[in-house]
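Whole structure, please, built from the sequences with the hints as guidance.
Read off the chains here:
There are 2 protein chains.
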Amino acid sequence: MGTETKIQRVASFETHPDRYRHWKLSCAGPVATLTLDIDESKGLRPDDYVLKLNSYDLGVDIELQDAIDRIRFEHPEVRSVVVTSGQPRIFSAGANIKMLASSTHGFKVNFCKYTNETRCHIEDATANAGQVYLAALNGTASGGGYELALACDAIYLVDDGSSAASLPEVPLLGVLPGTGGLTRLVDKRKVRRDVADVFCTKAEGFRARDAVKYRIVDGAFARSKWDEGIAGVAATAAKKHPTKSDRGIAWSPLQVETSEDGLTRTYSSVSLTVDAAARTATLTVRGPDAPPPADAASFHDQGAKAWWWRVWREVEDALLHLRFNHDTIGVVLLRTAGDSDAVLAWDALLLANRGTWIADEALAYAGRVLRRVDNTARSLFALIDAGSCFAGTLFELTLAADRSYMLEDDDAGVTVRVTEASAGLYPMSTGGSRLAVRYAGEPATVGKVLGVGEPIDASTANDLGLVTLAPDSIDWDDEVRIAIEERASISPDALTGMEQNLRFVGAENCDTKIFGRLSAWQNWIFQRPNAVGDQGALTLYGHPERPRFDWRRT
Amino acid sequence: MGTETKIQRVASFETHPDRYRHWKLSCAGPVATLTLDIDESKGLRPDDYVLKLNSYDLGVDIELQDAIDRIRFEHPEVRSVVVTSGQPRIFSAGANIKMLASSTHGFKVNFCKYTNETRCHIEDATANAGQVYLAALNGTASGGGYELALACDAIYLVDDGSSAASLPEVPLLGVLPGTGGLTRLVDKRKVRRDVADVFCTKAEGFRARDAVKYRIVDGAFARSKWDEGIAGVAATAAKKHPTKSDRGIAWSPLQVETSEDGLTRTYSSVSLTVDAAARTATLTVRGPDAPPPADAASFHDQGAKAWWWRVWREVEDALLHLRFNHDTIGVVLLRTAGDSDAVLAWDALLLANRGTWIADEALAYAGRVLRRVDNTARSLFALIDAGSCFAGTLFELTLAADRSYMLEDDDAGVTVRVTEASAGLYPMSTGGSRLAVRYAGEPATVGKVLGVGEPIDASTANDLGLVTLAPDSIDWDDEVRIAIEERASISPDALTGMEQNLRFVGAENCDTKIFGRLSAWQNWIFQRPNAVGDQGALTLYGHPERPRFDWRRT
Numbered sequence: 010m011g012t013e014t015k016i017q018r019v020a021s022f023e024t025h026p027d028r029y030r031h032w033k034l035s036c037a038g039p040v041a042t043l044t045l046d047i048d049e050s051k052g053l054r055p056d057d058y059v060l061k062l063n064s065y066d067l068g069v070d071i072e073l074q075d076a077i078d079r080i081r082f083e084h085p086e087v088r089s090v091v092v093t094s095g096q097p098r099i100f101s102a103g104a105n106i107k108m109l110a111s112s113t114h115g116f117k118v119n120f121c122k123y124t125n126e127t128r129c130h131i132e133d134a135t136a137n138a139g140q141v142y143l144a145a146l147n148g149t150a151s152g153g154g155y156e157l158a159l160a161c162d163a164i165y166l167v168d169d170g171s172s173a174a175s176l177p178e179v180p181l182l183g184v185l186p187g188t189g190g191l192t193r194l195v196d197k198r199k200v201r202r203d204v205a206d207v208f209c210t211k212a213e214g215f216r217a218r219d220a221v222k223y224r225i226v227d228g229a230f231a232r233s234k235w236d237e238g239i240a241g242v243a244a245t246a247a248k249k250h251p252t253k254s255d256r257g258i259a260w261s262p263l264q265v266e267t268s269e270d271g272l273t274r275t276y277s278s279v280s281l282t283v284d285a286a287a288r289t290a291t292l293t294v295r296g297p298d299a300p301p302p303a304d305a306a307s308f309h310d311q312g313a314k315a316w317w318w319r320v321w322r323e324v325e326d327a328l329l330h331l332r333f334n335h336d337t338i339g340v341v342l343l344r345t346a347g348d349s350d351a352v353l354a355w356d357a358l359l360l361a362n363r364g365t366w367i368a369d370e371a372l373a374y375a376g377r378v379l380r381r382v383d384n385t386a387r388s389l390f391a392l393i394d395a396g397s398c399f400a401g402t403l404f405e406l407t408l409a410a411d412r413s414y415m416l417e418d419d420d421a422g423v424t425v426r427v428t429e430a431s432a433g434l435y436p437m438s439t440g441g442s443r444l445a446v447r448y449a450g451e452p453a454t455v456g457k458v459l460g461v462g463e464p465i466d467a468s469t470a471n472d473l474g475l476v477t478l479a480p481d482s483i484d485w486d487d488e489v490r491i492a493i494e495e496r497a498s499i500s501p502d503a504l505t506g507m508e509q510n511l512r513f514v515g516a517e518n519c520d521t522k523i524f525g526r527l528s529a530w531q532n533w534i535f536q537r538p539n540a541v542g543d544q545g546a547l548t549l550y551g552h553p554e555r556p557r558f559d560w561r562r563t
Numbered sequence: 010m011g012t013e014t015k016i017q018r019v020a021s022f023e024t025h026p027d028r029y030r031h032w033k034l035s036c037a038g039p040v041a042t043l044t045l046d047i048d049e050s051k052g053l054r055p056d057d058y059v060l061k062l063n064s065y066d067l068g069v070d071i072e073l074q075d076a077i078d079r080i081r082f083e084h085p086e087v088r089s090v091v092v093t094s095g096q097p098r099i100f101s102a103g104a105n106i107k108m109l110a111s112s113t114h115g116f117k118v119n120f121c122k123y124t125n126e127t128r129c130h131i132e133d134a135t136a137n138a139g140q141v142y143l144a145a146l147n148g149t150a151s152g153g154g155y156e157l158a159l160a161c162d163a164i165y166l167v168d169d170g171s172s173a174a175s176l177p178e179v180p181l182l183g184v185l186p187g188t189g190g191l192t193r194l195v196d197k198r199k200v201r202r203d204v205a206d207v208f209c210t211k212a213e214g215f216r217a218r219d220a221v222k223y224r225i226v227d228g229a230f231a232r233s234k235w236d237e238g239i240a241g242v243a244a245t246a247a248k249k250h251p252t253k254s255d256r257g258i259a260w261s262p263l264q265v266e267t268s269e270d271g272l273t274r275t276y277s278s279v280s281l282t283v284d285a286a287a288r289t290a291t292l293t294v295r296g297p298d299a300p301p302p303a304d305a306a307s308f309h310d311q312g313a314k315a316w317w318w319r320v321w322r323e324v325e326d327a328l329l330h331l332r333f334n335h336d337t338i339g340v341v342l343l344r345t346a347g348d349s350d351a352v353l354a355w356d357a358l359l360l361a362n363r364g365t366w367i368a369d370e371a372l373a374y375a376g377r378v379l380r381r382v383d384n385t386a387r388s389l390f391a392l393i394d395a396g397s398c399f400a401g402t403l404f405e406l407t408l409a410a411d412r413s414y415m416l417e418d419d420d421a422g423v424t425v426r427v428t429e430a431s432a433g434l435y436p437m438s439t440g441g442s443r444l445a446v447r448y449a450g451e452p453a454t455v456g457k458v459l460g461v462g463e464p465i466d467a468s469t470a471n472d473l474g475l476v477t478l479a480p481d482s483i484d485w486d487d488e489v490r491i492a493i494e495e496r497a498s499i500s501p502d503a504l505t506g507m508e509q510n511l512r513f514v515g516a517e518n519c520d521t522k523i524f525g526r527l528s529a530w531q532n533w534i535f536q537r538p539n540a541v542g543d544q545g546a547l548t549l550y551g552h553p554e555r556p557r558f559d560w561r562r563t
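From first to last, the protein sequence lines are chains D and Z.
Start counting at 1 in the first sequence, then tack on 9, and there's your number in my numbering.
Start counting at 1 in the second sequence, then tack on 9, and there's your number in my numbering.
Quick caveat, the hints were computed from the structure, so don't treat them as lab data.
Be careful, since some hints might not be right.
[As the list claims (entries may be wrong)] Here are the simulated DSSO-like cross-link-like pairs (lysine-lysine), alpha carbons at most 27 Å apart as the crow flies:
1. D/K457 - Z/K457
2. D/K51 - D/K61
3. Z/K222 - D/K199
[What the hints assert, rightly or not] Residues from chain Z that keep clear of chain D, each with C-beta distances beyond 10 Å, as calculated:
4. A259
5. A410
6. T521
By construction, the Cβ of each residue, glycine as well, lies at the ideal position given by its N, Cα and C atoms.
Here it is, written out as structure tokens:
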């Protein structure tokens, strides 16, 4: 295998436009512009690689994610977002090859997952917040550069006789386009599959004429008409969806304390505690610390300081730290602590105010974080015991878990509450609710469970199939401990594969194909000597030697 | 990595019940019984492994495939098939672990694909030929043993206090159940996903009580009531679908000559020629050598000697030889030679006789072979030039190809014919027609193309998007040669991954999840040191040492 450089810990997934090194964000009324102008010397590992040709690493993508969030939550007046380049003749060369070639297998996989989620968030902003992303390719977009464009609602390419869109990964690097390119090409844009085959094996890609002809892009403008052309399509796109609010909320920094040993992160309403020896982590979500605001307007006024935003942003941040910085942790214990009625009061506020910008966005954001939970390659066990508040929206955490254990102890009053929050409010990537997926084999139970209304004790939850096991207080400690120890002793690769195949029941779509089918093939290829061996294409890219392949086809 | 023993060539994919070493097939009126009684000393590599506990290798599965075909085509009177064991207390322990541990990566992947196809053929026989398969687990069914049961329409387990159904691959071997187990558990049988999680990590599995409770099986009988119970469900199942014919066709041996160097296989209507140095193979399908029979009855009387059966059986056999015995071949050139009108005359015969057993089965069989083409991990280029007969059903070969090249030469009269054969007669695994998949982005073109009726020349085919490229006779040789050389020079792993992601456009279902998502994860795991390293679980299974894992989760 090629040289593996261990990536340093990712210090933070937070940033701010004032600190961006690689992107410029400007909002002018309904049109925002996101300009990629990468500082090649400011990669996360500047000694190992230089970010030439507007190529990116995780640091660039963290800024992109921040920008998407700020446009969405701070600037709801924005209706169209132009994504373009600040460098001459190049839009982006995609993920930096030397960065990939010098990363561990695990980092490569997690990096691809993060960038894929970011691109899904672009599509989510277009679909659910009416912010239409437009890729304005004012120079060549290759590999991940073109894949970023594919996540946008429409793509325009400058027609200058040289700029092209391309996916050169297969012919040049011996790997796949890893950010959804293959799937979005044929499944989203519905490019003819033989044309896609030619396109994906032609390193130089298609220039404007062929790119338009074969729907690789939606349109092209000559360089002399470029600015005017893009301004025109941006203005038109901005009229597509009505503005729901002209005032956002400030996306303020998260409050978090990290223990000296780096094993505990304590947020305002969430904590993540790692037990390195046991290879487990506990993610605890604390219920509301105060009653919800009286109405949507007050909620809006509270901004990102409101419990709802804090708790979901903190869960998301904790998951990202877990993925990148605690790679030997195999089992995540999902816990809650607090008052179920208080959780339901928050749910009630949001449900009563659906249709307002603030409530709709708050629900959509929780849904996005829950999808990140589904996509986290760790075993997830929900532990429902005394003092927990798995009610309404927080009950979704148990449905996202691979297993749930509920303490049967009437004295402790352990209950769960299933509400309309589980009836489709937070769709999985597959489009359905987690409750419907759970009862795929007995769909009538969905209605039965939703009809209960009152708090459900362990025995009833067990009978309804709402939890995996309901040990009593005598057995609880041993049963849970043994289950966790057993889980933590199993091959982590086999568990990742198993969970990926059991979690996404039902028909697949573009998103789940990207996270399931495409990513799994990429993971395989990322291990193969033809890509990452001493003479593999990824290893030797940029070197004078030609790769040498083992020609056996499997 | 663990020791890799190179598998010997697979001499033949054909067999006959008289020569079965591991299965017994008995047909008694509407009920057939397939009894697995593996001769442990008769594996394909008897020096390397012993087929203990009714565990299987490729040789066992080749017999199973033969039996499925003979029941279907020789015994259409059979309405239910009982699959059971001839050994005490064990149904089957699945694929032999020592065989897997001592096989090359490529063999493991191809072996899993073959066994997966065989299980799909069981489901196809149930769905399309009304032959209901019943798994009668008269002893423990673990791993691939239980997965074989999952391919059946219903599963019964003996309730004897010890026999169990289990999928112990994840906890014991550090790999996935590789024959569709995970997918069929949650997607076909709709077992609750947390129950599936417990089941798939519990090495000893579930005995009858829990297995019935959680839908792992459909029913159970005590040993004392076993024979009677199974006879009863078999008799009931046999009444589910009416018999369409009480007379089959003899599944006679294929005629094939192999050249001394092993590089050319010449069948009656198909040839496969391998160019090892260029890493290409040419699969040539010859059109009918005689007019079709006058009617369905005459076609039935001709039996497997009829062109239709020969040509599709020969294509299937050639594909299997290519996959297992020519693993360095990256590009397969699909050619036809013959008279288009003669092909269409065969199509007309079958279409006119839909509803008869013989015509329906002939069409279904071609469909199955075409799905094997889709699932073949080689680049497929269709070459449409002088003397070819890509008409009607044979035109599907161009639609299954990754690319198609058509010679534009009016003098040579090169044409293709698109007929209702491309309108859904041969569904892909995804359920749709290849033509609809091709025009996913412009669905109106499907009707336009189907409406043409007459022979379509290269220029028109190109304009319609029916072919990838249509070079004229001046460019043809160079253009095709360069395309093939370029393709053959690309990393074979990247090509396999790319093709898997471009071929199956649209929503995924159980079959495509097995071949796409599940298989890709398994391929990844089959490469990982945690499974196949010196201290991996698969390598050390059966040894006193415990596996040692790299705990990093990805």
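Exercise for the section: Decide, holds or violated, for the assertion that all CB atoms of chain D are farther than 10 Å from the CB of Z/T521. Expected result: Answer for Z/T521: violated, closest chain D Cβ roughly 8 Å.
Exercise for the section: Just double-check Z/A259 for me: nearest Cβ-Cβ distance to chain D has to come out over 10 Å. Expected result: 35 Å, holds
Problem - Pair hint outcome, D/K51 versus D/K61 [Cα-Cα no greater than 27 Å] - result: Distance of about 11 Å is within 27 Å: holds.
Exercise for the section: Mind checking the alpha carbons of D/K457 and Z/K457 for me, to see if they're no more than 27 Å apart? Expected result: 49 Å, violated
Problem - Straight-line alpha-carbon gap Z/K222 to D/K199, limit 27 Å - result: 44 Å, violated
Handout entry: Distal placement of Z/A410 relative to chain D, Cβ over 10 Å
Key = Incorrect as stated: the minimum Cβ-Cβ distance to chain D is 7 Å, not above 10 Å.
Of the numbered hints stated above, those contradicted by the structure are hints 1, 3, 5, 6, listed in ascending order.
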